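Visitor: Chains as they are written, first to last, in the numbering used here: chain A, 769 to 1020; chain B, 769 to 1020.
Careful: at least some of the hints might be erroneous.
Unchecked claim - Listed next, the in silico DSSO-like pairs over lysine-lysine satisfying Cα-Cα at most 30 Å (straight line):
1. B:Lys888 x A:Lys1012
2. B:Lys818 x A:Lys953
3. B:Lys857 x B:Lys869
4. A:Lys963 x B:Lys818
5. A:Lys1012 x B:Lys878
None of these hints come from the bench; they were simulated from the model.
Note that the coordinates shown come from a computational prediction; the quantities given were computed from them, not determined experimentally.
There are 2 protein chains.
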Amino acid sequence: MFAEILTIGDELLTGNTVDSNSTFIAEKLTSRGYWVRRKTTVGDDIEEIKTVVQEILSRKPEVLVISGGLGPTHDDVTMLAVAEALGRKFVLCESCLERIKEFYRELHVKGLIDDPELNKARKKMAYLPEGAEPLENTKGAAPGAYIEHDGVKIFVLPGMPREMKAMLENEVLPRLGSQKFIQRKLLAEITDESKLAPILNETLEHFNVRIHSSPKGFGKYIGIILFAESGEEIERAKAFMESKGIRFEEDW
Amino acid sequence: MFAEILTIGDELLTGNTVDSNSTFIAEKLTSRGYWVRRKTTVGDDIEEIKTVVQEILSRKPEVLVISGGLGPTHDDVTMLAVAEALGRKFVLCESCLERIKEFYRELHVKGLIDDPELNKARKKMAYLPEGAEPLENTKGAAPGAYIEHDGVKIFVLPGMPREMKAMLENEVLPRLGSQKFIQRKLLAEITDESKLAPILNETLEHFNVRIHSSPKGFGKYIGIILFAESGEEIERAKAFMESKGIRFEEDW
Chain A
769 MFAEILTIGD ELLTGNTVDS NSTFIAEKLT SRGYWVRRKT TVGDDIEEIK
819 TVVQEILSRK PEVLVISGGL GPTHDDVTML AVAEALGRKF VLCESCLERI
869 KEFYRELHVK GLIDDPELNK ARKKMAYLPE GAEPLENTKG AAPGAYIEHD
919 GVKIFVLPGM PREMKAMLEN EVLPRLGSQK FIQRKLLAEI TDESKLAPIL
969 NETLEHFNVR IHSSPKGFGK YIGIILFAES GEEIERAKAF MESKGIRFEE
1019 DW
Chain B
769 MFAEILTIGD ELLTGNTVDS NSTFIAEKLT SRGYWVRRKT TVGDDIEEIK
819 TVVQEILSRK PEVLVISGGL GPTHDDVTML AVAEALGRKF VLCESCLERI
869 KEFYRELHVK GLIDDPELNK ARKKMAYLPE GAEPLENTKG AAPGAYIEHD
919 GVKIFVLPGM PREMKAMLEN EVLPRLGSQK FIQRKLLAEI TDESKLAPIL
969 NETLEHFNVR IHSSPKGFGK YIGIILFAES GEEIERAKAF MESKGIRFEE
1019 DW
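When you get a sec, could you build the whole thing from the sequences and use the hints?
Guide: In structure tokens form, the structure reads like this:
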């Protein structure tokens, strides 16, 4: 089960914004047992988005989560680009339009905008690729979309973090089933890094776990993250590594 | 002049680490006048890295900055993967080996490691793709590499942020020439987003600037970032937009 993440926005490519969205999405997908194999970021450009979506689909992930570029401004072109990438029409979602009207009416009542009416820019957000299921945005105007296409579950989410997070939790994760991965972070004291690899490989052979390691400081500590479907399996793998001479200092 | 960024590390794909490195690199490249067109992240896997490096080279960027996976642990495989992607031999850099020896000798003197000698894992860091120029790591053990390949300037940097930042500043940016882009962030008050696009397009036609926009809050404010080679050009573009009816509130 592998997944890819695509984040979209010029601000991510000029260094004006840190892409914390893809980190959040990656963490949630990992916890559901998906292996996130690649993350890609492109700007707000129809052709770029179209190209990269087609590239990702050609790698046949089980899940593709796209975030960013659903708003009302002229450079929010993600939904149209996805429709074009999939060879689908770009069609008006009537229920989305009602929801957007209501959203701006409420903003107007609160005095946040001068004009509650739907102009062209606002109406644009109600268009989705044909056959897409709208995903409810409880924190903003633009709906997301869920599309099953050639065996790939595609989710298109807003880029504003609070909107993206709510939609991911409420609309995406429930569609990905209940499988859970548990992770445990450990700090291994090791004075010869070359001894570690064979032990990790042996652990992978004997237990149903995934292991990530990364150096912490110089030479003395290696951070180890164990992923498994149960805490028991993690404990067994940990005990095995200890029996092979790895000393775990503490969690980090 | 376009550039791509590739960050490497399993921890970026499990959501355990926010990829702030690519943001830092993107900001520096943008300030040098490069248009960062795409960012990609893959895990510590030779085949994945090899594939993605070849994909990036086929798009012919002027610059490719790679960060992560240069350390001594078993899953640090970036330099070998880059050598394979380029069809170059993986060769020992003698001066790098001396530098690494010295580095571990110093750590030993400081009492940070038990054994100052070079084991296989530490020695691995002294191998670079054939023809690469080593880049000095003033904050850590692993050298970086600079490779000119088929017209692409490839820089391979460590993933530890303090090592990467120092190497980017000291070794990469001086090799990218002195062209500077200036950016100015403005907040535009606008109650109808659909009026903005034609004004931005007209500004782009008349002035030598790049413009990024993103919504701030709902409907009332749009963040505008102007990029140009001089502050004067930015002022002229700003004055033009004001003459067309955009009111700028303040910097953000």
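Visitor: Taking the hints in turn, state whether each one holds.
Guide: These are the hints, each one checked on the structure:
no. : hint                 : result
1   : B:Lys888 x A:Lys1012 : 20 Å, holds
2   : B:Lys818 x A:Lys953  : 29 Å, holds
3   : B:Lys857 x B:Lys869  : 23 Å, holds
4   : A:Lys963 x B:Lys818  : 26 Å, holds
5   : A:Lys1012 x B:Lys878 : 29 Å, holds
Checked against the numbered hints given earlier, this structure breaks none of them.
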